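A.B. asks: Here is what each chain is made of, one letter per residue.
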Amino acid sequence: MSNFSRRAFLGFGALTAAGVSGVLTACSSSGAGGDAAGATLRAAFAGGGSSETLNYFVGPTALDFVRARLVHAPLGAIDAKQPDGVSYGILESIEISDDLTSYTLRLRDSVTFTDGSPVTAADLLHSLRAPDELEGLPFTRLVGRNFDLAAARRLDARTLRLPTAQPIADGRLLLCQSMLVIKDGTTEFTPKTPSCGPFVIEAFEPGQQTVLRRNPDYFGDDVHLDEIHLLSVGDAEARANALREGQADFVSGVSPFNARELAKADGLTVSAGEPPYVSNLRFEMNLSHEPFKDERVRRAFRLAVDRQAIVDTVYFGRAEIGNDVPALGFPSYDTGLEQRRHDPEEAKSLLREAGHEGMPIELTAGPELTGMVETATLVVENLRAVGVKASLKELPAGQLFADYEAYQRLPFAAGYNPSAPFEANHTPGTFPDIDKLVATARSAPAEGDRTAASHKAQGLLWEKGNEIVPVFVPTVDAHTDKVSGVRSLQFPDLSAAELASA
Amino acid sequence: MIRFGLTRGVTAVAMMLLLSAVLFFSTEALPGDAAGAVAGADATDSERAEIRERLGLDDPAVTRYVTWLGDALTGDLGRSSAAGRPVAEVLASRFGNSVVLVGLAVAAIAVLATVFGLAAGLRAGRLGDRLLSSVTVTLIALPEFLVATGLVVVLAHQAGLFPAVSTFPPGDSSWQHPDMLVLPVTALVLGGLGVATRLVRAAVVGVAGSPAIEQARLNGESGVRLAWSYVLPAAAAPGIQGLAVMAAGLLGGSLVVETLFNYPGVGSELARAVTYRDVAMVQGLGLALAGSALLILFVGDLLAGLLNVRSRPGAWRRAEGGVS
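Note that the protein sequences, when read in sequence, are chains A and B. Just so you know, we're using the working numbering here: the first sequence kicks off at 1314 and counts up by one. Just so you know, we're using the working numbering here: the second sequence kicks off at 564 and counts up by one.
Treat the hints as calculated values from the structure; they're not laboratory data. No experiment lies behind these values; they were computed from the predicted model shown. The beta carbon of each residue, even a glycine, is placed where N, CA and C say it ideally should be. Any given hint might turn out to be false.
[Claimed, not checked] Computed from the model, here is a short list of chain B residues facing chain A with C-beta under 10 Å:
no., residue
1, E613
2, S644
3, A646
4, G647
5, L709
6, T712
7, H720
8, T730
9, S773
10, S792
11, P796
[Claimed, not checked] Under 10 Å between C-beta atoms, here's a sample of chain B residues computed to sit facing chain A:
no., residue
12, F567
13, D608
14, V653
15, L705
16, P706
17, V728
18, Q804
19, V808
20, F824
21, E832
22, A834
23, R840
24, D841
25, M844
Chain A extracted, bound-state conformation:
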């Protein structure tokens, strides 16, 4: 009704092209019954303005990866419910040798690219090497750091054997976390670049819109949409408005406040990613800062933080409480660890014991993750409550990691890591005993030994580590009630989304 009055108001005589196709869609879907064949999903993401790119190795924003995952078939996805810990996409299986030094990847049979050529082991190998060869961003190069890709060998047209750099047991997670398949020799990405994912690119305008059309030759059978329009809407408030006004069916990256408001609205649903697809918000106590060398000070700081209050007041409940250990939701996460209490009295007495009562400290934070600044504000208040002379230094967006050397020298700083397994992402060099345990956790031949070592390492991190991880933050999305089938992975996966007819 509001659309009609808008058109009438502006006095547009003829229906716009969009209007015509809308009518046609309505006809075809009523003929097909409940399933809206020919449906178009409009999904809004923050995007990255003109820096958006089809080359997902260098694209810095979530939208670049969301788009790429719809166009290029993923090897798989992390899925704790499956026996291998992953569900497979274009791969049929990943076999690991008993000594954990070689991985055998097997492609599905008769999968083709959009140019008609078959997807082969050569394409798979190029896809794994491309992040390094095309100078991809660090997060795309996880596989290259852990496997000896130069020594990879093709066993037949569909099978590839990868030797590992050191024996590792968690290679399946690394391979399936974010690797996509591209054609051998691909170095540039245009809308015409051959691909083998569920959708192909019809049009792409960085910072504005991407039009994706269903790939009729896609090997999967759970694609229901005909088109997806990915809208770039930078401002969170504008994204919420686009959903309210019916200009988008799905919006990603909803602020906690907007999530609460949109959840109350009729016809809208708010959803949040579930572990392991959550980012850990962390506060790092720099061990070169004198007071933090004392284990009691670190424990006092951790005890001072009221985690439940952060979950309730900053995230309105849409976050998971943290226990100072990373990688919540991954199979090796130690759920047996005692949850850290909020104990200001104990914190006070530990600080007194250590002789650091009333110590001054400045916490540096910036709006790099939803709620980071608000959480930092609460942490500073919590610390003041136990007598620490804490203050907050709030940086504008984009500044926190801009000078990384300076960031690493800060005595007390906020940071975050996107969803990633603990062992493969552990940065060695702080606690040698933990480093050793993590190495064992990745390479011990028996699964029981690996789990035991990982849990022991996590226990030590819990005991004496220098990070406060008060909360795990999901990406919060909202959509109209007509939308279903969106999977909340690291980023929303729209490939299997459905749009019910009105």
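Model the placement of chain B on the given structure of chain A, informed by the hints.
C.D. replies: Frame of chain A, contents of chain B only:
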């Protein structure tokens, strides 16, 4: 007049050079660089160093300034450090959108401010003037985001008349979607109208008591004809200069409006580039904005100069064919 134009032209070019240097070296002086922003928190030190080298961040600043300025003169503004897109390409797509938005807004402001400014200035001190003055002062006092949010709530949410955000299909320009232009243009007009009206009013008040207008009144001119044929030509010069300043400022400075309505203009792109330490983009967009601001001001000066000449009593009489 020609000498006046030349002097202004040379000043503008010198100003441009100075601005380019200020722009380049101030962006150089920002703490941190794109390598830190691009690499992310999980990068190793060698990966960071590799990104820095690839972006050419290791050469001395003066060398890079000379190279940059030389390239800029040939239309090559470098590449975005975020994804390698040529800055000139981004500028081409974003700048046109900004020109459409600001052009429409400034045109509307010019018409409305002229009407309201004349009406108020010719009735200075009377009820109508006082009413218009309070409205313009209120408009000036309202923060831009409040005006924009108000428009969204009333005209998009409640009335459903216009889309709340701009979502142009790929390849389309903003002028092909007039419905999506209404709210951003209105927000800019409401933001600039107050100042512009007061500028015109002040000029009109200054002119209204002059001997020339007195003469016209004594000749029996009044009402719209007096305002249009006598007051406006004399008051136009400061008005045009005021509008030129406003247009130059809005071109890159309509950030709030661009952000809230998701309008793909050059201001939001510049803000993004600053946030992500995309130095080439900041420098390229900044240079283009500085250049067009100087151009607009230059044209405004020329027009005002022309009008001043025309409206000087001696010249006026010569133009009318009179003898002194």
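A.B. asks: Each hint: holds or not?
C.D. replies: Status of each hint after checking the structure:
The interface hint given for B:E613 holds, since its Cβ lies 7 Å from the closest Cβ of chain A, which is under the 10 Å cut-off. Given hint, B:S644 at the interface with chain A, holds; its Cβ is 9 Å from that chain's nearest Cβ, closer than 10 Å. A hinted interface residue such as B:A646 counts as satisfied when its beta carbon comes closer than 10 Å to some beta carbon of chain A; here the least separation is about 4 Å, so the hint holds. This hint holds: B:G647 has a C-beta 7 Å from the nearest C-beta of chain A, less than the 10 Å allowed.
With 10 Å as the threshold, the beta carbon of B:L709 stays out of range of chain A, its nearest partner Cβ sitting at about 13 Å, so the hint is violated. With its C-beta approaching chain A no nearer than about 8 Å, B:T712 sits inside the 10 Å limit, and its interface hint holds. Because the closest C-beta pair between B:H720 and chain A is about 7 Å apart, less than 10 Å, the hint holds. For B:T730, the interface hint holds, the least distance from its beta-carbon to any beta-carbon of chain A being 5 Å, beneath 10 Å.
Look at B:S773: its Cβ only gets to about 45 Å from chain A, farther than 10 Å, so that hint breaks. Among the interface hints, the one on B:S792 is violated; its C-beta lies about 35 Å from the nearest C-beta in chain A, farther than the 10 Å criterion. At its closest, the beta carbon of B:P796 sits 36 Å from a beta carbon of chain A; the interface hint therefore is violated under the 10 Å criterion. Given the 10 Å rule on beta carbons, the hint for B:F567 is violated: about 40 Å separates it from the nearest Cβ of chain A.
Annotation: interface hint on B:D608 holds; nearest CB of chain A at approximately 9 Å, less than 10 Å. At a threshold of 10 Å, the smallest CB-CB gap from B:V653 to chain A is about 4 Å, leaving the interface hint in force. The beta carbon of B:L705 comes no nearer than 18 Å to any beta carbon in chain A, farther than 10 Å, and the hint placing it at the interface is violated. Interface hint status for B:P706: violated, as the beta-carbon distance to the closest one in chain A is roughly 15 Å, over 10 Å.
Below 10 Å, beta-carbon pairs count as interface contacts, and B:V728 has one with chain A at about 5 Å; its hint therefore holds. Interface restraint check: B:Q804 against chain A, minimum CB-CB distance 33 Å, threshold 10 Å, status violated. With a cut of 10 Å, the hint placing B:V808 at the interface with chain A is violated, because the nearest CB-to-CB distance is about 27 Å. Contact between B:F824 and chain A, as hinted, is supported at the beta carbon level, the nearest pair being about 7 Å apart and thus within 10 Å.
Look at B:E832: its Cβ gets to within about 5 Å of chain A, closer than 10 Å, so that hint holds up. Satisfaction of the interface hint for B:A834 is found here, the shortest Cβ-Cβ separation to chain A being roughly 9 Å, below the 10 Å cut-off. Given hint, B:R840 at the interface with chain A, holds; its Cβ is 5 Å from that chain's nearest Cβ, closer than 10 Å. Checking B:D841 against chain A by beta carbon gives a least distance of about 7 Å; that is within 10 Å, so the hint holds.
Below 10 Å, beta-carbon pairs count as interface contacts, and B:M844 has one with chain A at about 8 Å; its hint therefore holds.
Going down the numbered hints, you'll see the structure goes against 5, 9, 10, 11, 12, 15, 16, 18 and 19, while the others check out.
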